[in-house]
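Protein chains in written order, with our numbering: chain R, 72 to 183; chain D, 6 to 116.
Heads up, a few of these hints could be off.
Under 10 Å between C-beta atoms, here's a sample of chain R residues computed to sit facing chain D [said to hold, decoys possible]:
id, residue
1, 111
2, 114
3, 116
4, 131
5, 134
6, 137
7, 139
8, 141
9, 171
10, 174
11, 176
Covered stretches of chain D, as calculated for chain R (at least 3 residues, CB under 8 Å) [to be verified]:
id, region
12, 48-55
13, 104-110
Simulated from the structure, these hints should not be mistaken for laboratory data.
All C-beta atoms in this analysis are idealised placements derived from N, C-alpha and C, irrespective of residue type, glycine included.
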Amino acid sequence: DQQVKQNSPSLSVQEGRISILNCDYTNSMFDYFLWYKKYPAEGPTFLISISSIKDKNEDGRFTVFLNKSAKHLSLHIVPSQPGDSAVYFCAASRNSNYQLIWGAGTKLIIKP
Amino acid sequence: SQTIHQWPATLVQPVGSPLSLECTVEGTSNPNLYWYRQAAGRGLQLLFYSVGIGQISSEVPQNLSASRPQDRQFILSSKKLLLSDSGFYLCAWSPRGRGYTFGSGTRLTVV
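Model the full structure from these sequences, guided by the hints.
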């Protein structure tokens, strides 16, 4: 049972345009969501997070939007740069449980 | 500041041989520790997590085991490797709260 789903295995975006990565979850008890970025042969690195009390969090070119009623979150990257090409993982957790539940990842390819 | 060390970076082992991957964390105490595996083209699979010395929880029954002999040391082991054990292994730690920090990973190829 996949509680966190990233339905797009890959996404290709032109450099300079907006990249939108999507993530859906099924467990309404999740109250904290994170995005990680992973380059090949490296460990994932933390990118941005959002608490369920918010619907938007912004950090530079990265913005995460949370729609609790739809159980959906998205990561926007504007403008997209070649260095953004990586696999992006969405993860979720509950307040009482420090474990993260991971999506399968979306491979983002930024075309020059 | 906290750092996490994981080694070796790459490993090629024959089928049936033993395995030992080590992970250590510096600059923190009593962290939660995790072992993940990323098989080729797939997401992150949680293998083991530990909330304290000697406390190991297994998420997926398999050919691997984990141990935490010291507060900031987490070891992933196998007595006899299988071909299906090939993958990218990641150690991670988290404080008693949110977010993980990952090590740089170990690429294991079983031949």
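Okay, the hints, checked on the actual structure:
1. 111: 9 Å, holds
2. 114: With a minimum Cβ separation of about 3 Å from chain D (threshold 10 Å), the hint on residue 114 of chain R holds.
3. 116: Nearest chain D Cβ about 7 Å off; hint holds.
4. 131: 18 Å, violated
5. 134: For residue 134 of chain R, the interface hint is violated, since the closest Cβ of chain D sits about 18 Å away, which is over 10 Å.
6. 137: Hint on residue 137 of chain R: violated, closest Cβ of chain D at ~15 Å, above 10 Å.
7. 139: Result: violated, 18 Å to nearest chain D Cβ.
8. 141: 22 Å, violated
9. 171: Check passed: Cβ of residue 171 of chain R comes within 6 Å of chain D, closer than 10 Å.
10. 174: 6 Å, holds
11. 176: The hint holds - residue 176 of chain R has a Cβ within 10 Å of chain D, the shortest such distance being about 5 Å.
12. 48-55: holds (count 4)
13. 104-110: This one holds; 7 residues, not fewer than the three required, reach chain R with a Cβ under 8 Å.
Of the numbered hints listed earlier, those contradicted by the structure are 4, 5, 6, 7, 8.
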